[in-house]
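Letter by letter, the chains look like this.
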Amino acid sequence: MPGLGASFGRGGATNFLEDLANSDAIVIEGSNMAECHPVGFQWVGEAKARGAKIIHIDPRFTRTSAIADLHVPLRIGTDIAFLGGLINYVLSHDLYFKEYVVAYTNAAALVGEEYVDSEDLDGLFSGFDAENRHYDESSWQYEPDDSPHEGSDQPGEAAEQKRSDQHPDVKKADRAQAAGSGGPPIASKPKRDETLQHPRSVFQILKRHFARYTPEMVSEVCGVEPEVFEQVAKWVTENSNRDRTTAWVYSVGWTQHSVGAQYIRTCAILQTLLGNIGRPGGGIMALRGHASIQGSTDVPTLFNLLPGYLPMPHALQHSTLDEYVADAEGKAGFWGNKRAYMVSLLKAWWGENATAENDFCFDHLPKINGDHSSYRTIADMIQGKVKGYFLVGENPTVGHPNSRMNRFGLANLDWLVVRDLQMIESATFWKEGPEIETGEMSPETIGTEVFFMPAATHVEKEGTFTQTQRVLQWRHKAVEPPNDARSDLWFYFHLGRILRERLAGSTDPRDRPLLDLTWDYPVEGETADPSAQAVLREINGYGPDGLLSTYMDMKDDGSTTGGCWIYCGVYADGVNQADRRKPGKEQGPVASEWGWAWPLNRRMLYNRASADPDGKPWSERKKYVYWDEAAGEWTGLDVPDFEKKKRPDYVPPEGARAQDAIAGVDPFVMQGDGKAWLFAPAGVVDGPLPTHYEPAESVVENGLYKQQANPTLEMIEGPWNRANPARSEVYPFQVTTYRLTEHHTAGGMSRTLPYLAELQPEFFVEVSPELAQLRGLANGEYATLVSARTAVEAKVLVTERVRPIKLGDGTVVHQIGMPYHWAYSGISTGDSANDLLGIVMDPNTHIQESKVSSCDIVPGRRPRGPELLEFVEGFRRRAGVPSGKVGVNGRDPVEADAGEGATY
Amino acid sequence: MLDVKTWLDSWPVYRQLTGSDPMGRGKAARSKGTESTVSRTATADRVVKSVCPYCAVGCGQKVYVQDEKITQIEGDPDSPISRGRLCPKGSASKQLVTSPTRVTTVKYRRPYGTEWEDLDLDTAMEMIADRVLDARHKGWQETDGGKRVNRTMGIASLGGATLDNEENYLMKKLYSAMGAVQIENQARI
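Heads up: the sequence lines are chains R and X, in that order. Just so we're aligned: 286 in this note's numbering is position 286 of the first sequence, and the numbers increase by one with no gaps anywhere. Just so we're aligned: 936 in this note's numbering is position 32 of the second sequence, and the numbers increase by one with no gaps anywhere.
Please note that the accuracy of each hint is not assured.
What the hints assert, rightly or not - Keeping only pairs whose Cα atoms sit at most 25 Å apart, straight-line, the calculated SDA-like set for lysine to any residue is: (1) X:K953 to R:S592; (2) X:K973 to R:E526; (3) R:K706 to R:D117.
Since the hints were derived computationally from the structure, they do not count as laboratory data. Just so it is clear, the structure is predicted and the values come from calculations on it, not from any experiment.
Given these sequences and hints, build the entire structure.
Listed below in structure tokens is the structure:
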């Protein structure tokens, strides 16, 4: 979530679904909310019934568009140009919320003299290292305030760390995500010009940066008529002021791009200029696609993060705890307490064994030193570098792009453990995968040992999910799981128990982290199921007097524990707050007594911004959280996202640290300067400001800059991941992937259910009547889609829901819609859309560009067996793409030849 | 002998003409069979509060249990977020639990094997522990590029985003203690 994290300080939706009812306008962009989050969409319906304008900006016409007052079908992959156009409209028509922008954003901050904008370098920012394809961000820094406050107790270390921040291995390790709860550390508070007139003020830089994003340019790049653009601009700006607010809603239609984080940054800039953050009916609603996807980043199973968005220690930067916290030590904002959060985590993991003398077992943590994300790991698997793999409720051979490459990875492991409810494709690739038919692999060549371990469903175990608006909700166990089915909590607890038993008595230092671990959870019932409540209590944390109620009480001396500091408070007052179920009808609109939201049950983030700098509501209509002078505290409908007793006129004294260095007018309490960032001097690796780049496989030339695509985008090269060249005549059409209401991601939880399989029985693609005519496609008949990866077949749905985009120079861009749920198992079967896609990634997040790629489409079914390989290779040859032929199990042909004798 | 009133009452048209349902769309049209039907939600042994496992809206669910089996899953009207609604997936989630194709015993495929084999759960756990220790050892790195990393590159993991927070927490804790760093999640996607 670096897009939101770097802008506001926390990587989470800023508002909550029910609050959409308070919006005066809602823009849904990069999301088909009505079909993908249907129950959440009721709040959009509620807003519409109260008179709000609903705008849907999306290449496809969907049920979301049908409800909207206006559907804007823009060309796939051009949202930054569209949003940039809106920013330019707001700035050039003087429609920004002046008091809000001056007081609550970094608009007045001055940027250093070395900074050069992409407008002056034809699409590149200053600091670009062409060899490593990454930026050195040092020229993007603020001009320091006259009294520079280095802020670190170890200035030498902090300076050293600042230098090493720009090392390619550190960049690759995805440090940007560590801004998920706490803005990226900055060197010092900036010099400011409150008039916003200084040419190096963020405000003036922003104005120049977006000046060319005119309605005409938007029309040219996005294929949206200037009148339609003006209509959107009018509705959004008319509904963003003291009395009115506009909300923006997005989903993976924004994140799954090679510039995904910057899509969100563009929206963050716009919503900040309009004064819509931290106010009722405003905000940026990030719609997550899975029950606990927010939870899975908060309490991450991600290579670069520890719980609570603390970064994984990096080998080049963090050999000791002091070095680890040096970037935050003494800094303004709540990130300034990083040491307390980290020591509490180490105490939760290594208990009594973690002492001040041994650096609280900091050295027990393994270190990262590059990109260890899942796609990179798959490439390593194909090369035989990874021995064992656990797939826990995930089906990458259907749900991940380039599923074929994923299967090759699995075929080169020593062993694989699959934990799931059904016999998913990732467990049967060795027997039934498409590469068996093409002859690229067979059971006799695959040495992977596979364990299928049956899992428990959501009603057969207890625990919490964190849903899309950061709310933790406790689930009770209804029944025991059948036979050998067990929860993942059971599996990992007992695996850990067995490992520790095996290693008991070991004197090898590398076994200390396992042996020193706190691992004594109480177990229940015949199967010895560990107590999820005990785990949640550990996550919450303890102090000398028992369970903690707030992370404000966490200490850096080892006297407190806490497995995830941002979840501290979920057991406030010794009560499982996630299990609170006071009916909605018996509560006010914020419903603070249903479940528990991080941080500290604050439902709307940055809500101090719902009041003016003096602490008074901006208007009676949008009254939310405000200063009560008589009581001497902040009050209102929600828990204030601010220190309760900090006066609005509080000015930090010289040398103040952490939260004490945040002024009474600074609502963005996780940021080092307390401000929302229009310009990001740190935390976003591909530029301090968003810039329109074409997708990697665009069929169109970038109309704004010479730089065609994101210069820092990430690629994985190999015969199994060939890229379609941009603007290729061989792959002339754009294709976008999406979900249906009746299916769920890779289909393991939906294609296996009779009701759902009946509702959406087969794989299809949506094409326009114009494209159908161009390629001779007939509704209801088969078509074959081809990329440099492979070819897949699907039934054709000819519909005006997808429309060709006509550009100014007469070029017509055809767009194809393709749901991605299918594969060969289950009740409803079909080819996998993800086989068609390659892997190209956003450098901030390592998220793939699956929302836009290119292909050809021809009538009829695809060839079978080895003929399929020849068919696809023929397209590659014509497009000038290197061969995609692979050796046994996807290995490099030469390596496979050499290895054959050794393998069997 | 059947009394006349009962006999007439069994005739829907009579009920329609004489009762409170002149349109014949409600009570008058109900048959004896319908009247004697009892919903399975009414006879459930207990109702358990849960949350839908599909998308991230987090709709409240009421799970009905009878004889230790799930008999129905419905939306929870108490939830201020979902107000009792469920989408087609959430409404079908009983089938997720009771699906006849669900696999509930351990299956094992040996290297180069052509078929699944059955395996006892405890044996499988011991075998996996053996392999974890072996892969951890084979992929161990004390240093990389001259810097201390104390980790293993032999083990990787990919989790779905339907994992509970508590499960993610134990996974990250255990993997980190064993030195595994290639730990990933659907959240990346």
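Quick rundown of the hints versus the structure:
no. : hint             : verdict
1   : X:K953 to R:S592 : holds, 18 Å
2   : X:K973 to R:E526 : holds, 18 Å
3   : R:K706 to R:D117 : holds, 14 Å
Violated hints are absent here; each numbered hint is respected by the structure.
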